[in-house]
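Novice: Here is how the chains run, residue by residue.
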Amino acid sequence: MKNNIKKIVFKSLLLLLVGLGLIHSCNDEITERNDQFPKLNPTNTDALAGTWKPYLLTAPDEFSIDVPVATNTPAYTREINEIKSFQVSITDEQRNIINYWSVGSILRWNEIMRTLVARHNRPPYQNEDGTYPAPSPANPFAYPQFPFSNPPYAARAYAYVSAAQYDALIAAWHYKKLYNRAAPYTVDPTLQVLIPKSTLPSYPSEDAVVTGVTIELLKLLFPTEIAYVNKKAEEEKLYRIISGANVRSDIDAGIILGRKVAAKFIARASTDGAGAAIGTPAIWAQLESQTAAKGEIPWKSLEKPARPPMLPLFGKVKSFLMSEADIVANRPPAPPTTKSDAFAKELAEIKKYSQDNSRKHLEIVSFWADGVDTSTPPGHWNAIAAESFVQQQYSEVRWARNMALLNIAMMDAAISCWDAKYTYFNPRPCQMDPSIKTTTGVPNFPAYVSGHSTFSAAACAVLSHFIPAKKDEYEAMATEASNSRMYGAIHYRSDCEKGLELGKKVGGFAVARAVTDGAE
Amino acid sequence: MRKLYTCCLLLISIMMSAQTDIDALMMNKNNFCFGAVYQYSSWEKYWEGTFKRENLNLGTVSTKGVAAMCAYGITDKLNFLFSIPYLETNATAGTMKGQKGMQDLVLTVKYIPFEKTVDNTTYSLFVLGSYSMPTSDYTADYLPLSIGLRSKTGTLRLMGDVQVRNFFTTLSAAYIKRSNIKIDRNSYLTDEIHYTNEVNMPDVMNFNLRLGYRSNWLIAEAIIDHTITQSGGFDITKNNMPFPSNTMNAFKLGLNAKYTLKKIPELAIVGGYNVVTEGRNVGEATSFYGGLFYLINFKNKNNQDEK
Numbered sequence: 001m002k003n004n005i006k007k008i009v010f011k012s013l014l015l016l017l018v019g020l021g022l023i024h025s026c027n028d029e030i031t032e033r034n035d036q037f038p039k040l041n042p043t044n045t046d047a048l049a050g051t052w053k054p055y056l057l058t059a060p061d062e063f064s065i066d067v068p069v070a071t072n073t074p075a076y077t078r079e080i081n082e083i084k085s086f087q088v089s090i091t092d093e094q095r096n097i098i099n100y101w102s103v104g105s106i107l108r109w110n111e112i113m114r115t116l117v118a119r120h121n122r123p124p125y126q127n128e129d130g131t132y133p134a135p136s137p138a139n140p141f142a143y144p145q146f147p148f149s150n151p152p153y154a155a156r157a158y159a160y161v162s163a164a165q166y167d168a169l170i171a172a173w174h175y176k177k178l179y180n181r182a183a184p185y186t187v188d189p190t191l192q193v194l195i196p197k198s199t200l201p202s203y204p205s206e207d208a209v210v211t212g213v214t215i216e217l218l219k220l221l222f223p224t225e226i227a228y229v230n231k232k233a234e235e236e237k238l239y240r241i242i243s244g245a246n247v248r249s250d251i252d253a254g255i256i257l258g259r260k261v262a263a264k265f266i267a268r269a270s271t272d273g274a275g276a277a278i279g280t281p282a283i284w285a286q287l288e289s290q291t292a293a294k295g296e297i298p299w300k301s302l303e304k305p306a307r308p309p310m311l312p313l314f315g316k317v318k319s320f321l322m323s324e325a326d327i328v329a330n331r332p333p334a335p336p337t338t339k340s341d342a343f344a345k346e347l348a349e350i351k352k353y354s355q356d357n358s359r360k361h362l363e364i365v366s367f368w369a370d371g372v373d374t375s376t377p378p379g380h381w382n383a384i385a386a387e388s389f390v391q392q393q394y395s396e397v398r399w400a401r402n403m404a405l406l407n408i409a410m411m412d413a414a415i416s417c418w419d420a421k422y423t424y425f426n427p428r429p430c431q432m433d434p435s436i437k438t439t440t441g442v443p444n445f446p447a448y449v450s451g452h453s454t455f456s457a458a459a460c461a462v463l464s465h466f467i468p469a470k471k472d473e474y475e476a477m478a479t480e481a482s483n484s485r486m487y488g489a490i491h492y493r494s495d496c497e498k499g500l501e502l503g504k505k506v507g508g509f510a511v512a513r514a515v516t517d518g519a520e
Numbered sequence: 521m522r523k524l525y526t527c528c529l530l531l532i533s534i535m536m537s538a539q540t541d542i543d544a545l546m547m548n549k550n551n552f553c554f555g556a557v558y559q560y561s562s563w564e565k566y567w568e569g570t571f572k573r574e575n576l577n578l579g580t581v582s583t584k585g586v587a588a589m590c591a592y593g594i595t596d597k598l599n600f601l602f603s604i605p606y607l608e609t610n611a612t613a614g615t616m617k618g619q620k621g622m623q624d625l626v627l628t629v630k631y632i633p634f635e636k637t638v639d640n641t642t643y644s645l646f647v648l649g650s651y652s653m654p655t656s657d658y659t660a661d662y663l664p665l666s667i668g669l670r671s672k673t674g675t676l677r678l679m680g681d682v683q684v685r686n687f688f689t690t691l692s693a694a695y696i697k698r699s700n701i702k703i704d705r706n707s708y709l710t711d712e713i714h715y716t717n718e719v720n721m722p723d724v725m726n727f728n729l730r731l732g733y734r735s736n737w738l739i740a741e742a743i744i745d746h747t748i749t750q751s752g753g754f755d756i757t758k759n760n761m762p763f764p765s766n767t768m769n770a771f772k773l774g775l776n777a778k779y780t781l782k783k784i785p786e787l788a789i790v791g792g793y794n795v796v797t798e799g800r801n802v803g804e805a806t807s808f809y810g811g812l813f814y815l816i817n818f819k820n821k822n823n824q825d826e827k
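If you read the protein sequences in the order shown, they are chains A and B. Everything in the first sequence is counted per the numbering used here, starting at 1 for the first residue and increasing by one. Everything in the second sequence is counted per the numbering used here, starting at 521 for the first residue and increasing by one.
FYI, nobody ran anything at the bench for these hints, they're computed from the structure. A hint or two may mislead.
[To be verified] 30 Å max Cα-Cα, derived DSSO-like pairs, lysine-lysine:
1) A:Lys39 x A:Lys294
2) B:Lys584 x A:Lys219
3) A:Lys351 x B:Lys584
[Claimed, not checked] Taking beta-carbon pairs under 7 Å as the criterion, some of the chain B residues facing chain A (in silico):
4) Thr595
5) Thr615
6) Tyr715
7) Thr716
8) Asp755
For every residue, glycine included, the Cβ atom is placed at its ideal position computed from N, Cα and C.
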């Protein structure tokens, strides 16, 4: 009897062990694409980038920095000693920081920003009375936190940060050439260097300039994230020193320069009209009545409770490259009236998409949805751009320049698209036919033209200019992103087609600048 | 005292997860049982993290479907079970389209390493091992209207049962290991954005207590069930849709019954009802099910005695 029980216990334990063993043999490690990026080692340092055309700086030396101490002074030697003292024992955590940042400063800050956009891309929850609270920059921590980084907000935020980084790096390249202070590893060949060596002078540090300008802009754009952003900034500064790339004074000068440049962009941001883009109840009502007065069916929020339309005055935000007249001149013609046969045909097409149970279509819809809790369509195109640019081994200044052109084009896409949406204020397919069910959320603003299409075509135009070999690939992506909105049953065909046309035209403004900014 | 027409009896359906057979019943050797169960589950309120709310843009969210199930007694002490459901989801408000399709196949091996009767009391110990996998290419990243979570799962459950005359209690605990899943997007946010289409699914633990009456013809029981997502899950952010790797905890109360027809002893009717009374990132679901099972004894059609 006892033996029997022993046998039973033994058998049970064996079974348990085998089971647990099987369960734990599964490997859950996930490799993320941006962990695979190579260390930045530019094929061309763009040594003359100090002469490229900035956006807001009047001249590359509009803001001054101190003359650096000479490399043959005891003061400089003490700075080298700081690097060496860090290098005596490098912790695993420090090595991770080095591996992370050595992929590139513009790239990593762009990724950080995409995370910030995604974290704040959340429409507010309604009040008890069915109205909606609005985020307030004056009280950013109160619910709903400031900002709600919806696509227009995000497009503008990416553009400001990218353009400011670019201007700051032009200034940095100017001073690198002017002061021509050698990198610490050139001064002291015994120094360990943990990243690819650059032939560029190291004062001021390009990473520090980027950090300085970026943190100031992020304080404005994402005020509740300052602690998170500062932690990243401290890590980047540490990385430059431990890796032997910069001495402390390279960093300090870079931060100061970056901050000064940021002030110009912050001043512009406060007067570009974005703060008023949310509109007022009077303006929301007026949009409805003026559309009805034209004999058209005005757009209505399909949310319950009804939510005010997203940023109706964003079309009035001041662009970097387009004048108000440019925006009006490029405005797409009116969409087919809801009373027309053309409209009925378009509606029927979308109804068909809403009824097909195509798994492929659902996959495309999800892939490009870029809705709540994502970095938005502009963020998606930043990710696409970044994954292309890492293969190009651009210098930091060229990374910044290309990201600035891309993001300014997408900010212009947001302005132009929102201008069209609120000029025509037309209804979504499921407002016209409630039997149409969607496979992605219906965005809370008018249909014509599609934002995804406009953003995607603008991004495609700019990226194809930078990397012509990938033109077909970018075009296929833009078309798919555009089509995804029809498959999801939230846009008509004309929204998508006219959106793509508009985006292409808007992207043309950035491309025109690209050929004259001195970088090509 | 676990008896002969006992067949795949009791299902738990944790929001979206596959059904699991976790009763203390065994099929006799060479008995084969198959059946179909219809189930319907719906909720109007749900927990967004710990915040209980309704959503006027979803209305009532429901899942209904049919599961085909079967069980086979390899020996009196070792059973094999199989189930596969077809499900459909729907939301009564808003614009989001429901989904439908075959969900996850579940294969379970159930073994009794120990069983002992002292006087009127039978003590049994069960070990259950299950494996589940999706059987169609449904999407997981479409909550709350996706039909499942796509994870392949491995479950190990230990279960103890005590029966005194016709009254019993069964207590079990399970660890459910869930594999990573792939979604249609190539990046997603948890705390930071991850640039991959692969999502790490936190493991799950489940505790289940059942009390009731058990005879050859009738089984009736009350159930307390608690599912707890292990580390790695996170809450739905405010006013957002759920994500497959969210923490999904549910505390449920339920009733189950099985009745075997005296005139046609091969045929059994099952039914049940349960409610989620407390949860985290799940719906406050009310569910019911009903089904029929048919038993075939391959070895000896007349061998229907009690053991």
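Novice: All the hints need checking, so say for each whether the structure fits it.
Specialist: Hint-by-hint comparison with the structure:
With a C-alpha separation of about 58 Å, the suggested pair Lys39 of chain A and Lys294 of chain A falls outside the 30 Å cut-off, and the hint is violated. For the hint linking Lys584 of chain B to Lys219 of chain A, the alpha-carbon distance of about 49 Å lies beyond 30 Å, and the restraint is violated. This hinted pair checks out: Lys351 of chain A and Lys584 of chain B have alpha carbons roughly 25 Å apart, not beyond 30 Å. Nearest Cβ of chain A to the Cβ of Thr595 of chain B: about 14 Å, over the 7 Å cut. The hint is violated.
Interface restraint check: Thr615 of chain B against chain A, minimum CB-CB distance 5 Å, threshold 7 Å, status holds. Satisfaction of the interface hint for Tyr715 of chain B is found here, the shortest Cβ-Cβ separation to chain A being roughly 4 Å, below the 7 Å cut-off. A distance limit of 7 Å between C-beta atoms decides the matter here; for Thr716 of chain B the minimum to chain A is near 5 Å, and the interface restraint holds. Nearest Cβ of chain A to the Cβ of Asp755 of chain B: about 12 Å, over the 7 Å cut. The hint is violated.
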